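Undergrad: Assemble the whole structure, with the sequences as input and the hints as a guide.
Residue numbers (the working numbering), protein chains in the order written: chain A, 517 to 670; chain X, 234 to 429.
These aren't lab readings, by the way, just hints derived from the structure by calculation. Owing to the predicted nature of the structure, the values given are computational and were not obtained by experimental measurement. Be careful, since some hints might not be right.
[Unchecked claim] List of simulated lysine to aspartate or glutamate pairs, DMTMM-like, C-alpha gap at most 25 Å:
hint	chain 1	residue 1	chain 2	residue 2
1	X	270	A	569
2	X	283	X	408
3	X	312	A	569
4	X	270	A	592
5	X	270	A	598
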Amino acid sequence: MTGPGGHADPAYLLDSAGPAAPPRDNGELVFAAPWESRAFGLALALNDVGAIEWEAFRQALIREIGDWEAAHPSGEGWSYYECWLRALERTASAKGLVDPRALDERAALLAARPAGHDHADHDHPGHDHAGHDREGHRQHDHEHDMHNGNSRHP
Amino acid sequence: MTSAAEHIDPAVRAEALASLLIERGLVDQATMDNFIKTYEQSVGPMNGAKVVARAWTDPGYRERLLADGTAAIAELGFKGPQGEHIVVLENTPEVHNVVVCTLCSCYPWPVLGLPPSWYKDPSYRSRIVREPRTVLAEFGLELGDDVAIQVVDSSSEVRYMVLPMRPAGTEGSSEEELAALVTRDAMVGVAEAVAP
Numbered sequence: 517m518t519g520p521g522g523h524a525d526p527a528y529l530l531d532s533a534g535p536a537a538p539p540r541d542n543g544e545l546v547f548a549a550p551w552e553s554r555a556f557g558l559a560l561a562l563n564d565v566g567a568i569e570w571e572a573f574r575q576a577l578i579r580e581i582g583d584w585e586a587a588h589p590s591g592e593g594w595s596y597y598e599c600w601l602r603a604l605e606r607t608a609s610a611k612g613l614v615d616p617r618a619l620d621e622r623a624a625l626l627a628a629r630p631a632g633h634d635h636a637d638h639d640h641p642g643h644d645h646a647g648h649d650r651e652g653h654r655q656h657d658h659e660h661d662m663h664n665g666n667s668r669h670p
Numbered sequence: 234m235t236s237a238a239e240h241i242d243p244a245v246r247a248e249a250l251a252s253l254l255i256e257r258g259l260v261d262q263a264t265m266d267n268f269i270k271t272y273e274q275s276v277g278p279m280n281g282a283k284v285v286a287r288a289w290t291d292p293g294y295r296e297r298l299l300a301d302g303t304a305a306i307a308e309l310g311f312k313g314p315q316g317e318h319i320v321v322l323e324n325t326p327e328v329h330n331v332v333v334c335t336l337c338s339c340y341p342w343p344v345l346g347l348p349p350s351w352y353k354d355p356s357y358r359s360r361i362v363r364e365p366r367t368v369l370a371e372f373g374l375e376l377g378d379d380v381a382i383q384v385v386d387s388s389s390e391v392r393y394m395v396l397p398m399r400p401a402g403t404e405g406s407s408e409e410e411l412a413a414l415v416t417r418d419a420m421v422g423v424a425e426a427v428a429p
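TA: Shown next as structure tokens:
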């Protein structure tokens with residue numbers, strides 16, 4: 517079988533002994549960054565309440581992975597959870613749970629937060645995502661809402 | 234969505250999606266955190282190791298496990314999402330099984346937890362099918378030419394788990410001692426159980 521992604525120099529073999537080596541025991545961190553765990557928790561929570569169907573999400577994930585592999589034959593820049601997140605965005609949009617435009621606007625708004633804003637979810641592997649910083653985010657979000665004086669809620 | 238949002242940091246996009254869904258009351262933070270914590274801390278290969286150790290010590294359980302994986306695994310209390318349709322394949326001196334999900338990342342969560350990153354990697358997913366012996370050797374598993382390698386493709390219809398061979402010299406070991414010899418990699422099929 518010659519599926520996509522059949523590159524000869526897989527990243528996971530480049531460093532067979534160093535920190536990037538494939539784990540040989542059971543001790544690997546489940547999530548590499550807090551946003552990955554957020555994307556994971558969102559999908560399971562939506563499935564749990566029946567807002568999305570898991571098989572529909574899985575099919576969207578298969579499409580995202582296939583599209584990514586077709587566009588990146590070298591395999592460079594692979595992120596499983598980016599595919600997962602895009603699949604979740606599409607599944608949630610298709611079910612009418614979020615308006616894609618509202619999602620874009622919210623993302624742009626959050627991305628435009630002033631420099632120095634402490635992004636709790638930015639690339640802090642191992643960061644404890646369960647605590648205070650999420651509360652802080654929500655407060656900041658509300659401040660943005662008030663400053664802009666309009667509602668982006670669908 | 235081929236919008237500019239796709240180029241925004243995924244951390245920001247995940248936050249945006251979560252905030253909109255929370256505002257609509259479709260999900261709440263506590264439920265999300267609970268799922269995350271469960272799969273970070275509670276559900277993992279230690280569950281599968283107990284299943285394997287039971288199968289090694291209880292021939293009746295082994296038979297039930299090979300006949301209906303999901304039901305036998307539930308006997309030990311392990312069930313939940315991605316636990317439907319688990320099929321357990323037994324390694325023998327003649328046949329070594331190794332599991333992949335070529336399309337995405339199907340994996341028996343209740344017994345193994347979430348898959349490791351290499352299992353989801355495009356290179357593992359394609360190469361293990363094309364050149365299993367080479368890939369297994371790269372994992373440190375050198376199999377003799379007399380051992381046939383069977384690569385099985387997990388999906389939502391069938392999620393595979395490997396029952397590794399019981400290591401020699403473990404005749405007097407307790408079930409608990411045996412479970413400590415069973416790694417995640419052995420239950421995916423990229424390793425054998427650890428010799429004591």
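Undergrad: Next, verify each hint and record whether it holds.
TA: For each hint, the structure was consulted:
1. X/270 with A/569: holds (22 Å)
2. X/283 with X/408: holds (8 Å)
3. X/312 with A/569: holds (19 Å)
4. X/270 with A/592: Outside the cut-off at roughly 30 Å; violated.
5. X/270 with A/598: Given pair residue 270 of chain X, residue 598 of chain A holds - Cα atoms ~20 Å apart, limit 25 Å.
Consistency with the previously given hints fails for number 4 only.
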